[in-house]
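> Sequence:
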Amino acid sequence: MPQSSDLEFVQGGAAERAVADDPFWSTVLRRHGDIDVVVLPQEPAVEQVVPADEPEVDPDQARAALRGQAAAFWSELGLDAEPTHVDDVWFAGVAPGTLRWQGTATFEQVDPLLASAALERAERILAADDGWHTLVPTDGLPRVIAGRAAQPGREEVHVVLASSTRLVVRMRSALVHVGAVAAAASLGGDVR
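The working numbering applies: residue 1 is where the sequence shown begins, and numbers increase by one.
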């Protein structure tokens, strides 16, 4: 049995006016008058909270560990050569005192067969690991996109064949709890 909700549903004339006043939905309704438009309320944002017992880590040590994980993943893909270009940055996390790491490795002049095999391996590796939701789009650039819930936050991996000989691997970490002072320093700002 569905659970009751405290959401207030607008119906009738008020709903019709709300749709008519909305630039997007009014156009949809005008172009497709044979359909019913149902606009649901936005879901409340889920607040990311760092568990109270989560220890603060040093950003430099966390960066080194995350770089090591990225290098291990490249190796699993069969990319034993060093990347042509590596870029890694910290982003502000959604919870206070947290950061999120993003590392991007670009491999140039990769043999097309090796690049194709790396994409297949990425799909197989990420599909096998627990919790990963993997997407392999059939159109556009050949790529594997994966994400999974992590505590706290979410981890993501993108493996993209940007050209026939250029493979890009991007990894985003879950939230890394470093504390407010270290987070501000890592982002080049002051503690607020």
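There's no promise every hint is true.
[Claimed, not checked] Now the in silico label distances, taken between C-beta atoms and shown as ranges:
#	residue 1	residue 2	range
1	127	16	39 to 49 Å
2	15	133	32 to 42 Å
3	78	55	28 to 38 Å
4	55	22	42 to 52 Å
5	163	21	43 to 53 Å
Hints listed in this document are in silico derivations from the structure and should not be mistaken for laboratory results. Backbone N, C-alpha and C define an ideal beta-carbon position, used for all residues, glycine too.
> If a hint holds in the structure, say so; if it doesn't, say that too.
Quick rundown of the hints versus the structure:
Separated by about 46 Å at the C-beta atoms, residue 127 and residue 16 satisfy the suggested range of 39 to 49 Å. At about 34 Å, the CB distance of residue 15 to residue 133 agrees with the hint of 32 to 42 Å. Take residue 78 and residue 55: their Cβ atoms lie about 35 Å apart, and the range 28 to 38 Å holds. The supplied range of 42 to 52 Å is met by residue 55 and residue 22, whose beta-carbon atoms lie about 47 Å from each other.
Look at residue 163 against residue 21: about 46 Å separates their beta carbons, and that is inside 43 to 53 Å.
When the structure is compared with the earlier hints, no violation turns up for any of them.
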